[in-house]
Amino acid sequence: MEATRHEALINLAFNGRPVTILCPYDTALPERVLAEAYRTHPVVGDLNGYRHSPRYEDPLTVCRDCDTPLEEPTDPLVLHFTEQDLADVRDTAGQWARTAGLSPGRHTDWLLAVNEATGNSVRHGGGQGILRLWRTADTLIAEVRDRGRLSDALVGRRRPDPLSPAGGRGVWMMHQLCDLVEMRTPPSGLIVRMHVALD
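Under full-length UniProt numbering, the first residue of the sequence shown is numbered 1, with each subsequent residue one higher.
This list has only true hints and no planted wrong ones.
So the derived label-pair ranges between C-beta atoms look like this: (1) Glu-31 / Asp-75: 33 to 39 Å; (2) Asp-161 / Asp-75: 39 to 45 Å; (3) Asp-199 / Thr-20: 33 to 39 Å; (4) Thr-136 / Gly-16: 38 to 44 Å; (5) Asp-65 / Ala-28: 23 to 29 Å; (6) His-107 / Ser-53: 39 to 45 Å; (7) Thr-108 / Leu-70: 24 to 30 Å; (8) Asp-199 / Arg-51: 44 to 50 Å; (9) Thr-108 / Asp-152: 23 to 29 Å; (10) Arg-51 / Ala-100: 45 to 51 Å; (11) His-107 / Glu-83: 20 to 26 Å; (12) Val-43 / Arg-147: 36 to 42 Å.
Derived by calculation from the structure, the hints in this document are not laboratory data.
In this text the structure is predicted, and so the values were computed from the model without any measurement.
Cβ coordinates follow ideal geometry from the N, Cα and C atoms, glycine included.
Put together the whole structure using the sequences plus the hints.
See below:
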């Protein structure tokens, strides 16, 4: 879903600009993958040339369709937090990651991403949130849930102006520091799930 969302947002980001973006898709891919590609590619090509995709859809519509429930973890560590708890939550997340086997080289990335996500919950998500931590065979995952909403579909996708008071730096940092960031907007608020691979 995140790849489809990313491709849809490319169209939004470059809308009205004179650019050509070459896609590496191969028509030998599974039909479900190709079906999503047709929805996110305004122009498609084959041996007979290029043509407009009759299945192309508005990027925001595609993004809404990508807002599917995420798979639930088994027995995560759950931390409820408010502004007063941020330092303790960061320390707990750091110690948990070390114990789970995260290398020192990725530890700072992990801490910065968790810090930005939990701080955003306090600033923009109703003053509180829930941090859940778990690991798979090769990845550490931190998920933050709060009552926030996203007003900009491209938040975190474009480099923010460091002098702008509008914000957006935290989500952009998460995308730079993590191997994958998944975002969902259920009726209850916002879910940000960050993946950091183990070495």
